[in-house]
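Student: Residue numbers (my numbering), protein chains in the order written: chain A, -17 to 235; chain B, -17 to 235; chain C, -17 to 235; chain D, -17 to 235.
Treat the hints loosely; a few may be bogus.
Pairs count within a copy or across copies, as identical chains cannot be separated in the list.
Only pairs whose alpha carbons sit at most 35 Å apart, straight line, appear in this in silico DSBU-like list of lysine-lysine [to be verified]:
1) 27 x 226
2) 101 x 189
3) 189 x 27
The hints are simulated quantities; they were obtained by calculation from the structure and are not laboratory data.
4 protein chains.
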Amino acid sequence: MTIRALAWNEFVHERNNKDVEALYPGGMHVAIAAALGAEGDIAVKTAVLQDAEHGLTEAALDETDVLLWWGHAAHDEVDDAIVERVAARVWGGMGLIVLHSGHFSKIFRKLMGAPCALKWREAGERERVWVVNPRHPIAAGLGENFELETEEMYGEPFSVPEPLETVFISWFQGGEVFRSGLTYRRGAGNIFYFRPGHEAYPTYHDKRVGQVLRNAVRWAFNPQPRIAKPGDAPEVPVDRAPEKITARGPSVH
Amino acid sequence: MTIRALAWNEFVHERNNKDVEALYPGGMHVAIAAALGAEGDIAVKTAVLQDAEHGLTEAALDETDVLLWWGHAAHDEVDDAIVERVAARVWGGMGLIVLHSGHFSKIFRKLMGAPCALKWREAGERERVWVVNPRHPIAAGLGENFELETEEMYGEPFSVPEPLETVFISWFQGGEVFRSGLTYRRGAGNIFYFRPGHEAYPTYHDKRVGQVLRNAVRWAFNPQPRIAKPGDAPEVPVDRAPEKITARGPSVH
Amino acid sequence: MTIRALAWNEFVHERNNKDVEALYPGGMHVAIAAALGAEGDIAVKTAVLQDAEHGLTEAALDETDVLLWWGHAAHDEVDDAIVERVAARVWGGMGLIVLHSGHFSKIFRKLMGAPCALKWREAGERERVWVVNPRHPIAAGLGENFELETEEMYGEPFSVPEPLETVFISWFQGGEVFRSGLTYRRGAGNIFYFRPGHEAYPTYHDKRVGQVLRNAVRWAFNPQPRIAKPGDAPEVPVDRAPEKITARGPSVH
Amino acid sequence: MTIRALAWNEFVHERNNKDVEALYPGGMHVAIAAALGAEGDIAVKTAVLQDAEHGLTEAALDETDVLLWWGHAAHDEVDDAIVERVAARVWGGMGLIVLHSGHFSKIFRKLMGAPCALKWREAGERERVWVVNPRHPIAAGLGENFELETEEMYGEPFSVPEPLETVFISWFQGGEVFRSGLTYRRGAGNIFYFRPGHEAYPTYHDKRVGQVLRNAVRWAFNPQPRIAKPGDAPEVPVDRAPEKITARGPSVH
């Protein structure tokens, strides 16, 4: 079964900064999409902030099994109504992969209910991503760790809720650590946060990173039917209670 | 050490409905406050929706260790800016106890990042609250279960994130079950959701319920200093990295 | 890909009790195997306590992706060495589904590290299994609940560790509740506990129960290579440290 | 209220190795006890492997609120019956702090139900312990991290169950990371694993380590009455069911 992924990118740095443009011609979403599509079981589309409705129309989301999100400089430009729409889709069963600086995106903060803050340093230092949970689906095909020679540092404390599972923890040359791969579930939606991916470095061209992205999409994919209205709170009237009862006492409703 | 609790109530039903007013003269917050103060280690204040800034001024929150929240009919009337303020306080270390229909309050939904939906029925049926986690602080002093002869039914699925711990599960006469006591942590703040407490019934006059409320406040209290700005994401410059490193590569920041 | 399941049964009640024999000719493992094989993607073998090495030889486990365990009257007759062997397999990546009275099996108690105790009553009462986590893989194809008209009651507190996820909670006619579907991970092995299945009732002939069993096997299956020696604690010598360091200070090893 | 701690030590290295003896005259338990008692709210006793019943008699455990465990070279010499006894106490509500190489102790492996394996290197390298969960009780009074200039390296994967909460993660000079502070609950017992504490280094003389140990004891202390028989699985007869029911169908019990 083909999984339908949508790689979303704010697409700002690539147009404002020549170094980034040179690393990611056409945008980071192009590189992410290429990684996702490399083994043929994932069909990838892309969308960017500048598209109508940020490319996240109801129709586009109808055809999306797993959404990937990269944002950094323009979090505030994402329309609140679109954020609500995406959240409802996640609750209904759409998977979500949040990448790197997406930790501060509106959608991630909304789904976490937490500050999602961290420490950072842009120094092109070495990051070593350790697999904490061997044989977890998102670690499939990886060795015990992999190194990214130049990455931005993100340091703990990362103020997110305790995850379902911690998959990766990063070691940084400058002395910090970071929980780099965390899983969550919100409603029927599987969520994965993956740390690496600073725009100034070739991270999304790395084969191990590509492997993680594909693994994460496969893990996040929920093949069951979507929950249409995850926020509904239906009354179960007395005459339809599973056990026979009789209404008693005062009533407010 | 005295814990400073603030019992917040939207205070709508008690003014619109004679049955509710008769059960809770002066408002449900009065009964909740009485229960909290019964053993002397908790100093209680109250606040209602109709107060200036809903009674949740920065000054009031400065003096609050644990906030209790009852709302139902007027969730939408709570100002978004106040919700942000309360969330920031929770992240900084203030405890939060969300009661009954507060499952759909803005503050709870914000902190959960999930729909927080459920099934319901107002039929005055019997609820039996089972202690799932014996010797958990929030179950202190309770037996293996306690019954509330007339309560509103809330039924699963309760679309909240997987909790840190499940403390109570309720059995309902009409055939449903519900996770009635759930713990969470968001930032430095301890959060407890407690199901019972429909406005049409005398639940907050029940001694076992009072015990749970006191236990929950004691559990949620974080005696450590508040985190002033939980959303801050500080840079750690190269020259202040814990290990000596030299900056490399391109820079975007 | 075909998943290889092994349905293990202590096979005692079916030979000692005519009612049970009549319900489960040939043993409960026959009914369980029939349910597992009903959709063709699961290849099932069976094993019983009375087999050589309880049918759990190294060779048999080499060909097992997911093991199902039903035991009750003869937990103590299971050889400790076999329990160690099965545990090591789970840690290495074999899935394990523990059924009903298997809560007190040596293997489940070993993997949980907890008493795994509960309350019980054999009265043929009605159980209603509620789906707490809609769209969880183990709840696929089920409605919001399903009823078993006659089942043994198991009541909380169920003294197991807090699970990764709670999938089902049961309502009992006699007034109790129970967490009937719980997921765990130990090492690389996925573990699911499923409550229904008393030997005196036709539970394993129920279609919804069969659906749960198949779902659980698919969920528990870990397609990645097994970890051969999950208990190994390898030294990483100084000259093979990821970063260059020099040994310092005293040494004990 | 004074908390009664019992610091248990296998007490082998200190008698076999002059370096260790010099660091810890009288044994590591002496240093641990000194740290625990430094603020007056914890009353400390000590026990060692060589004591009758390893110093873990029923009488000794009757007077223990929180047990600390240091072992390494002699795990196999701990009597299985004593391990069962200690486990039952933990399930009943006694706290347990497992230190460093205690990760491979019988009691920790029993309570985790997992291999508890890891990588290691004894090179006197620098460890930096990061607080991942600020304002957690076990991190009280600590800064954002603390350094131990010479420690043994423990590296991921640490094959333990997903914890309730991750409190500390360590960075090692040689390039590894490790989850150095993890909380669990088994039955009514709170369990904390704390990584630092190699016998060849002065770790237990470090003030920050002492702070962690005291914090952990306070956190693990469960003031509620012990559960006398945590493994009991009582029948609830039909005539004592919370709701009136009539027994139906066949019976095996």
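Student: Run every hint past the structure and note whether it holds.
Tutor: To see whether the hints hold, each was checked on the structure:
1. Within a single copy, residue 27 and residue 226 get their C-alpha atoms no closer than 51 Å, and across copies no closer than 42 Å, so neither meets the 35 Å cut-off.
2. Taking identical chains as interchangeable, the C-alpha atoms of residue 101 and residue 189 lie at most 35 Å apart whether they share a chain (26 Å) or sit on different chains (26 Å).
3. In this assembly of identical chains, residue 189 and residue 27 lie within 35 Å of each other by CA distance solely inside one copy; the values are 20 Å within and 40 Å between copies.
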